[in-house]
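This note's numbering puts the first residue of the sequence shown at 1197, with every later residue one more than the last.
Certain hints may be false.
[As the list claims (entries may be wrong)] Here are the in silico distance ranges between beta carbons for each label pair:
hint, residue 1, residue 2, range
1, Pro1281, Val1239, 19 to 27 angstroms
2, Arg1243, Glu1300, 35 to 43 angstroms
3, Glu1247, Arg1268, 36 to 44 angstroms
4, Glu1299, Ala1269, 37 to 45 angstroms
5, Glu1300, Gly1267, 46 to 54 angstroms
6, Pro1236, Ala1269, 19 to 27 angstroms
7, Arg1246, Leu1275, 35 to 43 angstroms
8, Val1279, Arg1303, 34 to 42 angstroms
9, Asp1289, Arg1268, 16 to 24 angstroms
10, Glu1293, Gln1240, 18 to 26 angstroms
11, Ala1290, Arg1258, 24 to 32 angstroms
12, Val1239, Val1279, 34 to 42 angstroms
These aren't lab readings, by the way, just hints derived from the structure by calculation. On a predicted model such as this, the values are computed, not experimentally measured, just so you know. For every residue, glycine included, the Cβ atom is placed at its ideal position computed from N, Cα and C.
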Amino acid sequence: MSDAEAKRGSEPLDPDAAFAGRMDSERAPFALSTVASSAPVLVQLARQMREARATSDDPHLREVLDGILNGRAPLSMLLASGVLPAPPAAMPDALRELVETNEETQR
């Protein structure tokens, strides 16, 4: 084992830096099996974010999604104040009627 390999093996892994891709060694920050099992979910998430970006009328949301998809912003930007619309305080009438109709049909 070379001195560089020994040094890499003894360095503590900074999980935040590793997750952000800031590693100066060649060690993988996560086990390959973890990355492989997460891949389908991440691919689907990216696909849905691209679709939302393409269909959104909100320029701020499109900008945030563009930043996330291009690797310039973390996924947590979606949760930042003002990016996603606030949920309604009360159930919309059309949805309430649909729920009531569905409940009556199930009885």
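We went through each hint and held it up to the structure:
no. : hint                                  : in the structure
1   : Pro1281 x Val1239: 19 to 27 angstroms : holds (26 angstroms)
2   : Arg1243 x Glu1300: 35 to 43 angstroms : holds (37 angstroms)
3   : Glu1247 x Arg1268: 36 to 44 angstroms : violated (20 angstroms)
4   : Glu1299 x Ala1269: 37 to 45 angstroms : holds (42 angstroms)
5   : Glu1300 x Gly1267: 46 to 54 angstroms : holds (49 angstroms)
6   : Pro1236 x Ala1269: 19 to 27 angstroms : holds (23 angstroms)
7   : Arg1246 x Leu1275: 35 to 43 angstroms : violated (19 angstroms)
8   : Val1279 x Arg1303: 34 to 42 angstroms : holds (41 angstroms)
9   : Asp1289 x Arg1268: 16 to 24 angstroms : violated (41 angstroms)
10  : Glu1293 x Gln1240: 18 to 26 angstroms : violated (32 angstroms)
11  : Ala1290 x Arg1258: 24 to 32 angstroms : holds (27 angstroms)
12  : Val1239 x Val1279: 34 to 42 angstroms : violated (23 angstroms)
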